[in-house]
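Trainee: Sequence:
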Amino acid sequence: MVGETLHAVNGAYSGSADAATGFTWLRCPDTDFEDCVTIPRATTDAYEVQNADAGSMIRVTMWAAEGDDSSYKASDPTAVVKTSSGDTPAPPATPGGPSFDVTPTASKPGPALPAGSKRIKPKPVVRIVGKYTSTGARITTFTVKAPKGATTTLACSKGTCPVRKQTVKGGHTSHLAKFERTLKAGTHIQLTIARKGYVSEVTIVTIRRGHAPQRSDSCLLPGRTKRQKCPA
0 MVGETLHAVN
10 GAYSGSADAA
20 TGFTWLRCPD
30 TDFEDCVTIP
40 RATTDAYEVQ
50 NADAGSMIRV
60 TMWAAEGDDS
70 SYKASDPTAV
80 VKTSSGDTPA
90 PPATPGGPSF
100 DVTPTASKPG
110 PALPAGSKRI
120 KPKPVVRIVG
130 KYTSTGARIT
140 TFTVKAPKGA
150 TTTLACSKGT
160 CPVRKQTVKG
170 GHTSHLAKFE
180 RTLKAGTHIQ
190 LTIARKGYVS
200 EVTIVTIRRG
210 HAPQRSDSCL
220 LPGRTKRQKC
230 PA
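For the sequence shown, numbering that gives the first Met the number 0 begins at 0 and goes up steadily by one.
Note that these hints are calculated values from the structure, not bench results.
The beta carbon of each residue, even a glycine, is placed where N, CA and C say it ideally should be.
Everything hinted at is true.
Ranges of calculated distance between the beta carbons of each label pair, as one might list FRET restraints:
1. Ser83 <-> Val8: 22 to 28 Å
2. Val8 <-> Thr205: 38 to 44 Å
3. Tyr12 <-> Val162: 15 to 21 Å
4. Ser98 <-> Gly222: 38 to 44 Å
5. Lys120 <-> Gly158: 29 to 35 Å
6. Asp31 <-> Ser215: 25 to 31 Å
7. Gly148 <-> Phe99: 28 to 34 Å
8. Lys225 <-> Tyr12: 36 to 42 Å
9. Asp31 <-> Val162: 24 to 30 Å
10. Lys120 <-> Gly14: 26 to 32 Å
Work out the full structure: start from the sequences and follow the hints.
Mentor: Here is the structure:
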């Protein structure tokens, strides 16, 4: 209920003493973790439920990061938040301009890969959801879903870069929480999803002013430096 304070409990980190740890609270319209949105400035082990949470569910994640490596664990969602009067309103709309859900651009498939080439399976999924603004875009959901054994390396340049580089291990859906915020036009983000001996999947996202972010997807063969269109 709005006004109650939630606490992150039964969570602990074991590992390097040099690792940074923390909490991120998420607002979720449903039970699908990929649809959750990071709550700004909610980064401690306690969170007071706000009016903006009414109609949504709440989760908390505990994360650990050292250098380019990071991992996290998410809680189950709470029940749908009610107002102090006991009502359950519809989830609030996200402020901003027209919304977007940036999906891979349909284009002619690339050439067949050399014999013996291996693709990462199941196919990784990069999801970017938000609303564009007069200066760029407000990203509300930025997730990567990759299979176990794959590693996602994010590189950011120009514009707004909360971090320049981030590495995420596969095996689950990862929220790139540091990028779930307002990003200025010109921000260039490249995600390379790789596994040793396999063809890498590369997604490049460029934030634009007054338009949905531009996205391109390509493949990178092992040992190569030049990307190519992925086959069907």
